[in-house]
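Residue numbers (the numbering used here), protein chains in the order written: chain A, 1 to 538; chain B, 539 to 1044.
There could be a bad hint or two in this list.
Unchecked claim - To give a feel for the contact side, a few chain B residues facing chain A, derived at Cβ under 7 Å:
1) Phe551
2) Val571
3) Lys578
4) Val604
5) Glu606
6) Ala625
7) Thr658
8) Lys662
9) Ile663
10) Cys727
11) Lys810
12) Asp813
Claimed, not checked - With a straight-line Cα cutoff of 27 Å, these simulated DSSO-like cross-link-like pairs (lysine-lysine) come out:
13) A:Lys517 with B:Lys662
14) B:Lys573 with A:Lys210
15) A:Lys131 with B:Lys609
Claimed, not checked - Chain A regions said to be covered by chain B (calculated; three or more residues, Cβ under 8 Å):
16) 20–29
17) 294–302
Keep in mind that the hints were calculated from the coordinates and are not lab data. Quick reminder that beta carbons are idealized off the backbone N, C-alpha and C, glycines included.
Residue-level listing of the chains:
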Amino acid sequence: MPFVSTLMGFTGFGVGVSAGLMIGYYFFIYFQPTDVEDPVIRPLVEQDSKTLQDLLPEIPFWVKNPDYDRIDWLNKFLEYMWPYLDKAICKTAISIAKPIIAEEIPKYKINSVEFETFTLGSLPPTFQGMKVYVTDEHELIMEPSMKWAGNPNVKLGVKAFGLKATIQVVDLQIFTVPRITLKPLVPNFPCFSKIYMSLMEKPHVDFGLKLFGADLMAIPGLYRFVQELIKDQVSSMYLWPRTLEVPILDPNQAMQRPVGILHVKVLKAMKLRKKDLLGGSDPYCKLKLTESKLPSKKTTVKHRNLNPEWNEEFNMVVKNPNTQALEILVYDWEQVGKHDKMGMNVVPLRELKPEEKTVLTLDLLKNMNTEDAQNDKSRGQLEVELTYKAFKEEDMAKDEGSSEVVKAPDGTPANGGMLVIKVHEALDVEGKYHTNPYARIIFRGEEKKTKYVKKNRDPRWEEEFHFVLDEAPINDRIHVEVVSTSSRIGLLHPKETLGYVDINLADVVSNKRINEKYHLIDSKNGRIQIELQWRTSS
Amino acid sequence: MGLLSGMFMGIIFGFALMAGWFHMMRYRSSKRVAKAVDIKLLGSLSRDDLRKICGDNFPEWISFPVFEQVKWLNKQLSKLWPYVAEAATFVIRESVEPLLEEYRPPGITSLKFSKLSLGTVAPKIEGIRVQSLNKGQITMDIDFRWGGDPSIILAVQAAMVASLPIQLKDLQVFTVVRVIFQLSEEIPCISAVVVALLSEPKPRIDYTLKAVGGSLTAIPGLSDMIDDTVNTIVSDMLQWPHRIVVPISGIGVDTSELELKPQGKLTVTVVKANDLKNMEMIGKSDPYVVVFIRPLFKVKTKTIDNNLNPIWNQTFELIAEDKETQALVIEVFDKDITQDKKLGVAKLPLIELEAENSKEVQLRLLPSLDMLKVKDKKDRGTITLQVLYHKFNKEEQNAALDEEKKMLEERKKLREAGVIGSTMDALDGAASLVGSGVGMVGTGIIAGAGVMGAGAGIVGGGLSKAGKFMGRTLTGKSSSKKNANANPNASATPSMKSVLENNHTP
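Chain B with its partners taken away, still in its complex shape (with noise of 0.2 Å):
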């Protein structure tokens, strides 16, 4: 009897001993999940949550901009800044230089910094958004802004000539950066960066030269071409779709797929153009278009003579990597005996069209594609266009890439043999500046200054190459700073490295 109610009282303990134990455990565990998703749904608050959880004791020191504001990482900067701008100085000096030498142009002897220091106001992060727009990918806009006091003085020393020094002043950047992660299953998780200046807004990179004890306001429309050709640079080398890839962990990454690669083809035929500006003072003007999607490929049409309505029916074929961003740009000029006038731009954002469908449109030129800076509203009459868009396949789109890197190369002999010189009119001289840079893109941490250098053919006489040398030490500034960025530590020097690669062994 002792046994049985033994057992059974036992039982009835130990069961109750079990369940006890069994909700505790539940209590447990769901007071942590609880606790998990409070921690998770505080992770991330908006204006609506926060609002709901303050009620009418909303903190007036919160706001939500689309970009999110860094003070602290502001701080940091301005602390770190001398020590980060005397360490860039010497990068950009070791690696910079060798490329100075190495692009400098026929005419110079000797090119070089003679003083490079970044200034004393450390850039400015306005914010910072992140979102993800692929799988496996994060892409994180950094809105950039540099009103900074560098001290960039170049010593340009031409044959015979005392060493001229010329001064890059006032220089301003504002930006918004885009570098995208691609993640990968592998410490670091991220295999590769790629940056890029978002087009929209549009990079601004302003500065004055300044050529010590002189002026280089000498020659007429010089710092004009300066601005274009930054500009086009700028926007051919680091502006969205263009980019630059930098893999991280070293083996075995496969970054081709972030690549710009040619997406599709546009086929354009200029048809006329109608009540064209008359630019000439005996006769009509003598108009030819130019049209391009990056100006790395442009293509021009014949000239025809006296025609204020000109007909060219001319068919042109341009490659197309970024249908969403990318643009064709219409330039109308007027071919003339010294330099040749502009008489209208027009652009077509290439996402209005549809693929495999030819459509004719007719576009207004405009004196400018910037309309903030466009003073006269005057018609500058209109052009027509035959357009289609078509989409490559992986086999046609292989092939175009190929076509493209060998064009490249050609011209990459063709500059290296001297054929293509500073006798070259503007036109070809801005394609074979830009190309034989492009052909570094891949090898050069500092291509974008490669590519500022190579531009002879725009800048004609002695004093005029003033401006390339700005131009370059300028992106070759903002590409490597931005590399640093990436990844500090390997900011080894570059000609170091190539130095001990072929030393010599007693």
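Only chain A is shown next, with the shape it has when bound in the complex (with noise of 0.2 Å):
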């Protein structure tokens, strides 16, 4: 019977094979160890020139192209704190993996999932190269080169029906060129205000996965739809010119943008002390405000009199109510020689509730250490009256980045817009005579001129000014000339000129926005940066 031959045959085959792959799992893979070794690392100099040939499609950036920097020094000190940044991550991972697990696994019915072993390694991932970009926006460019080829171990052993099976992932690979911009800087530690991480190619992603100790990544084909998978998964999210936004200061508070105003009123003060031999004392107040520059403000002064009535107002405008902090400082005035201090105290803005009036009444302190004996002492009262007021979300100016075009404000003609030129800095500007530059700017034949800097052959100005026009300056030039004043007066070469440039504002109607660095005329080796936005309505 041919038939029931073959059919035995087909079911003995199918036997068989389960047979056989029982067989050969017990043993090529049951018996062979599961944990990671070091690998043999031979120094270089004893490889012989076919190895040589294969590392050169590896070989760092640094050395091919003369525009990456060698960075050593951090993969040496990346090595040296390697093996901390293991279990310190290793250890991070677990705390934060063991909840989530606990959480989720019920919904499947696995009885436990377990680390059994969790490691990141002996190598640690190597920089190959650093790449800078200098430009002339507010920004800072970096390109590192990044290789992590590394030998973690991380095994996961899942129960479920009684059964137990074990993940582990092995030798991953990962191998990166990310671009990291900082920007926009501001003056304000640490100096920047975001950080920007997009992908400048797809990464380089390869690893092992063994399900019960056999590689499923060996499988053919399997491997290259993985990693198609996920490296089509990291590029779409990634990918330049997607970015990753990383804010690390408040755009207000990094930009210093003033957000609320202080309304005090001084009403009066109480049972001061005597401070002048003769007479009472001459009392004033002095209000400031913590991490302001601006100058503090001052009452009038009440001659001979300890229990003054001021009834002054004030307005100070507020940075940042959550750190700022009002100071009040009472003072005896003098003729001759130095105010004495009567008391003071402060008072922190964050204490005040918004559109609210406050009436004070403050003990005035000799300072404010609270361990001071001298502290006990009454010095008087003083009472003011505050009002805390945030600028409402609408007043304040939109932000302005400095890669947008903000629109024109309300009122522009419907075909023109407003021009607008930023003077950021000029670059070795030289006079014959003395060289105190500051930049006058024509256009139209209305001038503009920036404050001018003491001795200095590359000013920073970082001025911005507005020309509202009626159409589109499309056959207009703007001139920018870079002059100098003596510092003394009535001398013979009262004014110079360092320099100067014209610029054709056609490719700024039609770009918008254009930052560049110009070559002064008639100047040895002065450039100026300047900056001009077109504004329309529409």
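Using the hints, put the two chains back together into the complex; each one sits in its own frame.
Right, here's the structure in full:
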């Protein structure tokens, strides 16, 4: 019976295959060790030219390209730090993963999931070169080339339905070239307010995934599929021009923009201590916000009065209501010599309720040190009325990202717009007799000037000028001139031109924004950085 | 039959499949490991490696200096500098001014920055070297150079005198900054950072002082005194082995291991000197000797009148913190009615001494320790010392530490009480000024600034105080800058913090 025989044959084949697989599994995989060994690394000098030839595709960028910098010191740093970093990262990862696992597993009827081993291995990531770009914008751009070919070993034991499975990830390799941009730069530590990350090419990812000790990634075709899947996933999120944005500083705080106003009304003081030998004291108050560069405000002096009434009002600009505080100092006025301090106190702004009038009676202290015994003495009291008003969101100017062109304000003509000129800085300007440069901008006969910078060959102005126009200035030019004034008056060379440049505005209108360094004419090496914007109402 | 052959075929097929898979696994695994090895090898290439790879086509833009160049970092720094300068200015002003106020010497009623800007020239990092000298520590040496154009003007106001502006010009700082990272197994993996200036090559801090609308040269010797003060401060505060320790991850970090601790005791007997130089017009020099390891703890012998070959035979005990880098400095002075003159100095590096082994040494006296500045090569005589180095054990170390602390506290008290004033002779003044500042090292970020300010003793006279303020600004800036670098997020102004802690709640 050939039919039965064939059927039997197939059945036998089926049973045989499973038996063979079992035998093969036990023979080849089960009895093989699952731990990851440290690879043997022979010094490069000992290797022959053939292995060196194989090495060439992986050669670092800094060897091949002069515009990449070597950062061996960082590699060394990472190498020394890696054992500690490894333990710290693993500890943190486990502590984060544990509660999540504990929450998830009951849904899938899994008894337990446990990390059997978790280590990132002995090989740290290496940086194979660093490239930086210098642009005219307020940003820092870095492009490190990072390669991590590690030997991590993550082994997960899963128990379900009385069975135990192990999943193991080994030999993870990630090669990537991220671009890190720090912008905008702000005059506040750490000096930038946002980090932008983006990948310049699709990352290379490779790893071994072992289920019951057998590497799934070794199944032909599967690895390529998984790799493509990962690459596409990652690149759909972070491949340039897509970016990952990490805010570091609050933009308002970073730019030190005012966020509110504090109304202070100094009412009166009571029972001040006498300071002058003859007669009473002559008190006045000084008000100052901490962290503020603005000069302090003063009330009038009330002569020979220990219970003065001022009833004077002041407005102060607040930049950060959470950390700023109002400092009130009472001084004794003197005709000659130093004014004596009669007492002080401090009111942190976060204690005030916005939009609400608060009348405070403050005890005057010698200083703000609570342990100072001298503060126990009574120095009198001061009554003030405080109101903090935060600016409303719409009052605040919109975030002026340096690359975005803001719309022109209301009231500009329909066809026209506003021409904005930002004079950033000049480089290498030099006068024959003096170098106290300022910039002069002439446009359609209208002249505007920046402040002058004393004795400086590389002045920074960072000033902005506006011209409202009825129509686009396609056929117009703008004249920017760097002029130096003598610091002395009435001498031989009162003024001197350090160089000028004429800029055609047609490009600005079509591009909306141009930020460039121009070479100055009639100057040796002088350059000037000017940003031009054309803001239209539409 | 069919069943059996089918089974047999099946087993072979299954087995072969498994074998194939296994082969594939091994192949891929070995490929991955090989790649990992390649990457690791290429991660740190030396000159020889590169020569072997490239052969004759060695790229000429590559060099391997001891301190690795960081062109990219400098590019970024110069771009960032205007912002850093502005941010730092504010922080310095907010944190140094209260200190200036606190430490202003009597006779001065007000002391403030009237102008402070760090200029347009960014500092340059010449190179970085990373090594691991101890387990669990990474040592990073940064070759730092700043020839900046900062504009610093201090307004000094004395009683009944209008504000006197004093300007610090042409500041130049060349130094190697050593940063030691203490590693830990908790994120962020660094438990503390130690900052110090490397003593070899010696830090160079140059500047010129100028009274706006006046001249400082009116008082002779003033600028030398200021230089001396600055040097003492730098070498006793910041220069290795002295250091600033900044704990990073707040809680439970024991930094005591990182602090400078007494390591041993040096017993010095100043025996005699021979052929000293005669400095007096009538008679002979009246020599006395000052010996010290740290300028903070100076000791001096009695004065022997009219003798060029004096015998003192006096014994002192000095504490050594770091035998490898520290040295015993011996200075011989001529006692005079006005200012004492220096007859010569000598230096004995401690590393040359064997522990527990008494030794007699004879040293040649030199006009200055800085051989570059020595002009005359005339013989200045010799000095003979008997030295014994004793290494501390644990108990002795703690005892010495306690004693040192006590001594500093006493000095601080004395200073506060006004006992140590401007009437002191130069030597004690120097000691007290350093001492009063060092008490704060642990607490103050800008401890350096405080130290400088406390120097009332050395420079007498009204105008001369200018020097101190200069120095104060200088160290104040450098140290606070460093702190800012180490922990930029924590740069909230200290004065503000204290204000908020003691706020008055209505």
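These are the hints, each one checked on the structure:
Taking 7 Å as the C-beta cut-off, the interface hint given for Phe551 (chain B) holds, the closest approach to chain A being about 6 Å. Annotation: interface hint on Val571 (chain B) holds; nearest CB of chain A at approximately 5 Å, less than 7 Å. With a least beta-carbon distance of about 6 Å to chain A, the hint placing Lys578 (chain B) at the interface is held under the 7 Å criterion. With its C-beta approaching chain A no nearer than about 11 Å, Val604 (chain B) sits outside the 7 Å limit, and its interface hint is violated.
At about 5 Å, the closest approach between the beta carbon of Glu606 (chain B) and any beta carbon in chain A falls short of 7 Å, and the interface hint on this residue holds. At about 5 Å, the closest approach between the beta carbon of Ala625 (chain B) and any beta carbon in chain A falls short of 7 Å, and the interface hint on this residue holds. Interface hint at Thr658 (chain B): satisfied, since its Cβ lies 5 Å from the closest Cβ of chain A, which is below the 7 Å cut-off. With 7 Å as the threshold, the beta carbon of Lys662 (chain B) stays out of range of chain A, its nearest partner Cβ sitting at about 15 Å, so the hint is violated.
Hint status for Ile663 (chain B): violated, given a least beta-carbon distance of 11 Å to chain A, over 7 Å. Satisfaction of the interface hint for Cys727 (chain B) is found here, the shortest Cβ-Cβ separation to chain A being roughly 5 Å, below the 7 Å cut-off. About 51 Å separates the beta-carbon of Lys810 (chain B) from the nearest beta-carbon of chain A, more than 7 Å, and the hint is not met. Interface restraint check for Asp813 (chain B): the shortest CB-CB distance to chain A comes to about 51 Å, outside 7 Å, so the restraint is violated.
Annotation: proposed proximity of Lys517 (chain A) to Lys662 (chain B) holds, straight-line Cα distance about 24 Å (limit 27 Å). At roughly 19 Å between alpha-carbon atoms, Lys573 (chain B) and Lys210 (chain A) fall within 27 Å of each other, so this suggested pair holds. About 10 Å separates the Cα atoms of Lys131 (chain A) and Lys609 (chain B), which keeps this hinted pair within 27 Å; it holds. Here's how the stretch 20–29 of chain A fares: 9 of its residues keep a CB closer than 8 Å to some CB of chain B, so the rule of at least three is met and the hint holds.
Only when three residues or more bring their CB closer than 8 Å to a CB of chain B does the claim for the stretch 294–302 of chain A stand; here the count is 0, and the claim is violated.
Violated hints, listed in ascending order, are 4, 8, 9, 11, 12, 17; each of the other numbered hints is respected by the structure.
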